[in-house]
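Novice: Letter by letter, the chains look like this.
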Amino acid sequence: MPDRSEVRTDNGSENAVETSAHDILIIGGGGAGLRAAIEIAEVNPKLSVAMVSKVYPMRSHTVSAEGGAAGVAGKDDTLDDHCYDTISGSDWLGDQDAIEYFVDTVPKELLRLEHWGCPWSREPDGRVAVRPFGGMKKMRTWFASDKTGFHMLHTLFQTSLQFPSITRYDETFATRLLVEDGAIRGIVAIELRTGKIRAIQAKAVIICTGGCGRVFPFTTNANICTGDGMALAYQAGAPLKDMEMVQYHPTGLPFTGILITEAARAEGGWLLNKDGYRFLQDYDLGKPTPTPVLRSMELGPRDRVSQAIFGEFEKGRAFHGPYGDYVHLDLRHLGEHKIEARLPMVRELCLKYENIDPIKEPIPIRPVQHYMMGGVHTDINAATPLKGLYAAGEAACVSINGANRLGSNSLGEILVYGARAGRSAMQYIEGADGRTLQSAILTQAADEERRLEQQYLRKTGGTERIAKLRDEMSHTMETGCGIYRERNSLVESANKISELKGRYANVAIDDHTRTFNTQLTSALELGFMLEVADTIVHSALNREESRGAHQRRDFPKRDDNKYLAHSVVSRSAEGPPRIEYLPVVITRWPPGERVYGR
Amino acid sequence: MADTIILEVERFHPERDTEPSYQSFEVPLRADWMVLDALNYIKDQLDGSLTFRWSCRMGICGSCGMMINGVPKLTCETLLTNFAPGPVRVGPLDHFPVVKDLVVEMDDFMAKLQKVRPWIVRKDDFEPQREFIQTPAQLEAFHQFSLCINCTLCYAACPVSGLDSNFIGPAAIALAHRYNLDSRDQGQEDRLDIISQHEGIWDCTVVGECSVVCPKGVDPSLAIQQYKLTATKEWFKSFLLPRGKN
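Keeping their order, the protein sequence lines are chains A and B. Numbered according to our numbering, the first sequence spans residues 1 to 598. Numbered according to our numbering, the second sequence spans residues 599 to 844.
Calculated from the structure, these hints are not laboratory results.
One-sided and incomplete, this derived list gives chain A residues near chain B with beta-carbon spacing under 10 angstroms: (1) Val63; (2) Leu110; (3) Gly126; (4) Ala129; (5) Ala144; (6) Gly149; (7) Gln158; (8) Ile224; (9) Leu259; (10) Met345; (11) Tyr353; (12) Asn517.
From the three backbone atoms N, C-alpha and C, an ideal C-beta is built for every residue, glycine too.
Okay, chain B solo, but in the shape it has when bound (with noise of 0.2 angstroms):
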């Protein structure tokens, strides 16, 4: 294996450029490194002003998602030896607007997580003494969405995201999915009108890019599919009992 590779970083200035480029450097490939070690290679070594995000370095935080080789991934925890003998090439995500560099604008994204109502509603105003009773079974049926850590990939891997900057995307959505199937929750109406008032749910067909690209293992496909039944079923009831309220 030679001891090294060539990173194709993608460059934009915004107070100098009018469209991105790309800059290469020739970084150490070793084994235990991955894609964010050598970015930060770069940043220290090499070139100060390289601009990215980065934090925990272990998958959890969520802020070093970039498109490696095409491809949205957490640089942290992406392998570098999984491209040699490379050029490997790193840009920000796709389907965002770019601030500079490797950074993209989040406004959009954090918007629409407000936007679901990701926190217990309860409309009886009930609160216990203790712990709401909750079964593992009743954990088990939301605990896949809960575990999202906001990092976006699966909107730069989702078709719908990419033609129409409405649609509220794979992560709200799942998010939305995950207080709704929360047994201790009672928001799902108030949930369902702000979800099923863009067309962009209907647009989203069964290809599921958004599960595949997601580091940690939630579905957010399932949850779209899932929330098209709940609506559709909602819709028809509409016209069965038009005062709608049950």
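Pulled out of the complex, with its shape left as it was, chain A reads as follows (with noise of 0.2 angstroms):
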């Protein structure tokens, strides 16, 4: 069994920080996290894995994604066409050898999570089934009813415990990445119930934190959704990538954001404006047909169908409500059969929180912050340009997604590279130098420790809200850095969240006592938020041209001369964050014009 060494160490300060050592920590217990955990368990049980997360592991954001996860199963598929969707849809910024991989492993990862039981819907015969899905020409979404992601996740986690090298830290939330000597050493962290902070060394640290959609007011991400990992990896050096390529999915509820999954429209649901048309036929999207047509009208990718929805907002032509524009998205003509069978979870939401039954109304949605394609940089391994710091799911950048998503390869994604992570950290470690830096990381341990109590903990007199920061940042990302963007809107946002960040150091904490301080939590997620959002926002007003979720009203068309090529983002130790760019890599599908629906 491998230590979880309680050594108390009195490195001479008044504040000896309590420490634990590992191989290899993990950041986060969603289904990137817990595949890498279950990897390095499987193939080497005699490392000893950490796998620290802000909530317990079931909880994670994982558990609301819905529709399912794409792989090439049936005999009518091809790798490539998989590949083609992805490339296509990612507006041709995704990185085509990671496409590749990606791609070539995800039906392999999926068939190994059916052996872990997970209850995939099934064929009469007993085969595994697949749905349609947006931006994807063949049916290759392997799916469980429309909790595909909540059952995964449980899979995955249950799965996990069998393993006695994971040790978890649950309720544990990361304040700082260690990195001594160019590579990374462990990190710190606050046991929430008790309130320690505490060191865990790790030769090797994966970050596996999932996305960031609570910069932003209305989205379909969880509380916990704040951008933790995307942080502390650019804090402590290692740049994000893709940061301005922000997705918004077509279908969420007004007012709360939740998520009406794409399998909607998958299944065969319209959507329509306030005359009852079929709009998305006035945006180059195919022509309607009565059935769904692969790759056409509500099966076009997530970004093309926003947009039209956004523009039938500009035109006048959707319904006013309370929490602003919308449209609807018909269910009715699928009948009480098939929306019980393929799409309850659809029905449970509709009738607790819009209290409509989609079997007799349309339900009213509107566009919503759901996906960031950007993240941490890593390279097709997983690994960041920091030694010893690996990346993967929706906190990683690797990128597959390029400038936009297909639904359902995000699922397949947290499989593929949360294992290689696990296998690239492993092989890391077998080469990292074996040299003890004890007493250097337990002075950062201890600095860290002391930043928490002096900016936070014992802090009094701050007059910020944390509510009313959180609130103007959100509403400036929304105005100035939503599906359209311009030059004035972005700089205006960027000034916001600058002037954000110093009314941030006067934040209010009520709460000075240890035990589960969950406005210390809130204050850190918002100091993590406001650096994410402050990337976002340049890296956006950097890019100068159209290109998938990326559409700038001043550059209305796609520049490949210029911008075929990632945004890299760095920290700066004054100034607004520096950006370079790094060439998309493309094997064999050169750049082309996008095709839905002709």
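With the hints in hand, could you dock these two chains into one complex?
Specialist: Take a look at the structure:
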């Protein structure tokens, strides 16, 4: 049994920090983190794995994914088809080597999950069933009714429970990465229940902390999606990539932002404006047909469909509600049986949160922030430029999603690159230097403890309320950096974020106690979000073209001469973030036009 | 309808209090607000120290279970207007030690989950090249038991859990049952030993409070009754076939 050695090391200062040590430490207990942990535990049970998560793993946001996970399954489908759909979906910003590896590996990963007990929906003959999905020209999306993320997460979590080499630090909040001599050495984290600040040492760290949707006011993302891992990496000197690429999902419930899965359209749902007209036909997405046609109309990619809905808002052809404009998602013609069998959660959510029954009424929907294509910059091995630091899942940008992710590619990505991050970290620690830097690390940890004490726990007299700063941040992100952007709006948002970062230094904390201090964690999350928001705005300001989810009114065309490249954003000691460009990896698919519905 | 409502929230801080107490907050009564929205209003606007768990606010992550007027519920899917004109009482889940305010200790539950071996057990080491064939009917056999979100409302409702914390409890038994009924699994015997070891299962009456409060339509009570039946059969078998393993 690997040790969770509780060594209380007195390093001479008054703040003796509690420490423990592991071989590999994973931050985040969602799908990517769990998959990485299981990979390491299976391949080398002698390695000690720490999983640090601010919530119990089964609470992670993977749980909310609904529609499915794409992986070539049928005889009429090919790996190249899935590659092409993903690349054209990404508006050619995805790295084609990473996409080829992903597409080739994902069917094996989905099969492995089947062997671990994932309750995939089945065909009558007992084979795994697949469904259509937006932007995919073949049926290849595996699904577990419309609770795919929930079932995948619970299957992974339950499977992970059999491995004694995985030590979980549940409800433990990471505040800083420990870097010494150019390599990662561990983290500092707060154990929520006791408020103890501890240093957890590791030879390699994998960031699997998911997205940062809470930077925006209207999002499908859970409360926990605050970009912690992105900010931790960025603050430790690892760059972020393509942060301007923010996905809006076409169909969120007004007010709550709760996601109505794309599977609702894949099963045959229609998008209608206030005149009952299937308006997508006006946006170069094909002609309406009674039953769904792949890569057409309601099965177009998310960026284009969200932009079309926004277009209806601007033309005044939408409904007006208390929470802004909306259009209808109509499922009535699918009938009760199909809705109950394939979309039970859609019905459940509509009944509970909108008090409407989609069997009898159309669902009001509007585009809602959903996913970050951008994230911690990694190579195809899931490695960041910082030695020993890896990242996978939504927190990372490898990049298979480029400027627009296709629905059902993210659940596969967490498996494929979660496992790969685990293997890469294992390889790295074989060759990592064995020098112990105990004293330097403990000094850093003590510094971090002092910072948390001084800036938050013992601080009195702050005047800025967390909720107010958070609201102002998310408001400026939506108005300045939403579905459509332009120079003026972005400059305004950049200035606002800068102002908020200044005011954040004066944040008010009412709770100065140790036990489960969620006001402290909310303040830390806000700090992370402001950091991430800054990178989103500046990356968007710098990219003077329109590509995928990044639509600039002042630069409405794609510009492959200048921007067939990833934005790589690094923190500078003073002033705005530093942005460089890294060419996209093209293997077999030269840039072309994105064609849907024709 | 009045435009505000009083929330009486249970407060307990282990660094300060010996006993929990109630604190009243006046919050807006909005037609589309859940109880969770009211709690967040308090935390954001009135008292930043109020402590509770929440995340997905769509009834799937299982974090935000609390007692609302004495009944265990997910606060993210319980409409505030259901309790108008109020007041409405919000407390931590029954039958769990309280960490702070509305946050309860989950260690014991997490240990119980692990104890029932909730993963596919293969005795024959067979791993097919493709997927295991599983017909829709075979999927249906265990499907409802796979829908548990581990919110632990059933423990807060369970009279046996209230009296005896060693009882492995509704959600864990339902989870064991989920794997037992899965056509891909061969671990039923191991799990039976674990669960029937403790007499808690025999104390469970057919009250079914667990199934009533489940927000996901899981029927742990049915799982428990089916378990009892299997355990009884096995017990008889052990007399008929003393060497036991057939």
